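Novice: So the chains spell out like this:
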Amino acid sequence: MQQSGEPEIDQESSLLLAIGNNQSQQAYVELFELMAPKIKSFLMGRGSSVDESENVTQDAMLSVWRKADLFDPNKASARTWVYAIVRNRLIDVQRKTSRVDRGNKKYRYQSGNDFISNGGVNDASAQAQLQRLLQELPDEQSQPLVMSYVQGMSHKEIANKIGLPLGTVKSRIRMGFQRLQEMVN
Amino acid sequence: MSTSNHPDQAWFVSYAAGSLTPSFNLLLQAHLAVCSQCRCGLKKADEIGAQFMFGGEEAPMDNFEMPNPQLGVNQNESIEWGKDEVTDLSQFFDHYIGTHLDGLQWMNAGKGLQLCKLSDSDDDKMLMLRAAPGTVLPKHRHNGSELTLVLKGAYFCEDALFKVGDIEDADDTTLHQPVVTNDSECICVAAVDGPLRFSGLLQRVAQPFLGI
Ligand SMILES: [Zn+2]
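From first to last, the protein sequence lines are chains A and B. Numbering (this note's numbering) for the first sequence: 1 to 185. Numbering (this note's numbering) for the second sequence: 1001 to 1212.
The shape of chain B in the complex, shown without the other chains (with noise of 0.2 Å):
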């Protein structure tokens, strides 16, 4: 397990090859924001993809000929590494999910702790989770990759510290209880590809009503 509170760099070659669902590719946009030393790690593996894109062969052009330069929108496509200053997530729903974070219809699961799934399809689901301050959540496994980038308040995992903006990396061999400060509410929003496996028996009663 990565004790960072940064992603593990294969998912920023993996981000460079396009390779990723779309809400790993959200999570880490969003990470990319608020974290030059990851925007860095980012320019690497682009490097290594221009390698294999401009090291590779020439398709024939037959007809394709070059798009007028006139044409077009002018769509938002800054790339990630491209500039210097660190933003903020205050905007993350208004800009990454389109909708404000008090329009988010909630569940409870638990004491303490509600969820809200923004996606939800066999290898690419996206959820929110709310904990009140100083909850622990539910002991759990992964049979996939879980990646949980931290909105609002901060939770503890193992011995690391989990701020907002920090993504934790969870895959199939971590064993997992993250615990909720006690100064705040405490919101993520996690994209995972495998469901979840809890080692308790009542989580495990309660997982297919839950539907994560």
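With the rest of the complex left out, here is chain A (with noise of 0.2 Å):
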């Protein structure tokens, strides 16, 4: 397995492990505990009510109990994997619900300057760290990237609300998206 350097990155994998190879219930509950509150804040931002996100949740760590041992550490870090599980039952929700309800969403963050700026730059948590990397990126490139990943939005919704080509907004997610993973690996 891949260390990652980073405790709790470790501890989840080697949770989703336990649950893998010996179908350990206590593992399960410690990596809910630990995962659940995320996962459900993230689909808050996202737009979701607190009953589409914990139950958007539930399925998700339902599926991560059944699909755990084709869990592979060497592939990727438990958060990953976990998280390709959270957004694929998103997308199976949003099948299912038109556009336009998404789109009418109430709560979803203000703007992406929000989230940049939210974390105190001496706080050593992951958010802190994600939005210090975020404020090394030009403007043009980390608003995008916040766009889609936090706003939820499409290529065309970031096109017309910064007022560019769609070819452009894409370029910029790129490029933007290539120099953020550089900076975290």
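Treat each hint with caution, since some may be false.
A short, non-exhaustive set of chain B residues, derived as facing chain A with CB atoms under 10 Å [what the hints assert, rightly or not]:
1. 1017
2. 1046
3. 1106
These are computed hints drawn from the structure, not numbers from a lab. Remember, predicted model here, so these are calculated numbers, not experimental data. In this text, a Cβ means the ideal position worked out from N, Cα and C, and glycines have one as well.
Take the two lone chains, each set in its own frame, and fit them into one complex as the hints suggest.
Specialist: Rendered as structure tokens:
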């Protein structure tokens, strides 16, 4: 198993392996307590109601339980693997809801800048770390990334909002993504 | 315009963010099933997504409890980059659309070209195109994004050849005119999020009737 050097991330991967290898219910409880509040919060930030967010979180955690034997720690960290499960549940739920309903959701992060500037720079949390990395990017690159991941906006919605052609939006996302990825690794 | 036969990485950021409409998700899923390079791109986008999610805040849990692991039905929920094997697209319709290719209702849309609308809303259209060997398609521009996935045969556009499993990624910067190769008919499925703008007068007149 690849060690990330971050205790929380390594702990998550160990728990997921314990679920996959031994169907450990204790590990499942611990993983749920570590991850579910973050998953729920992420979904609420995307405009889902509390109920909807909890349902998707529950479904995702049940998938985690059932699929844990497929988790390969050499391929990805537990959180990347769980993230992929959550977003697949999200895509599935959205398929059944119309775009209009989603667009009308009241609660979304107000703007990308809120997300970037929310955390204190002295805070050692993962949130502050990500925010610091985003601040390293030019605004024109961090903004469409936050709009995509945090606000769930499509290329077209981003293009309309910032008044630029789609092709420009795509290349800013691509370039910002590449730089963010280089900084993370 | 992208000259490669893979969608721009920006698409996998949006896919990983769950911010795409159903037609675009479906097309990308089909391409991911045949393309290990893009599966790698998606995994990278999921890594960043995980940073956003697990680097975010914690919601209050109140009465929200852990689901009993014995609950729930087993769904087909595999992770795109979790598998190494590459599938083929021969089952595309049965698998992704839920109907067989023969069961589609085609309408004629000019010389050598047939169309079939699979879904149609303002910002999310999916259509099938079926073109006879050697067909030259009308030159057109886009008001939004268009992803085209080749299911059968091949076509040239600009200098690139698009074969089965390839995706052509077009947007408002693209003026394009696909030309089907001579050896086989070509069947494609396209996801579109805005009306196409044909540049020829005849096509502009025909466009409202075709409803594309
Ligand atoms: Zn690809």
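Novice: Quick check: which numbered hints come out false for this structure?
Specialist: 3
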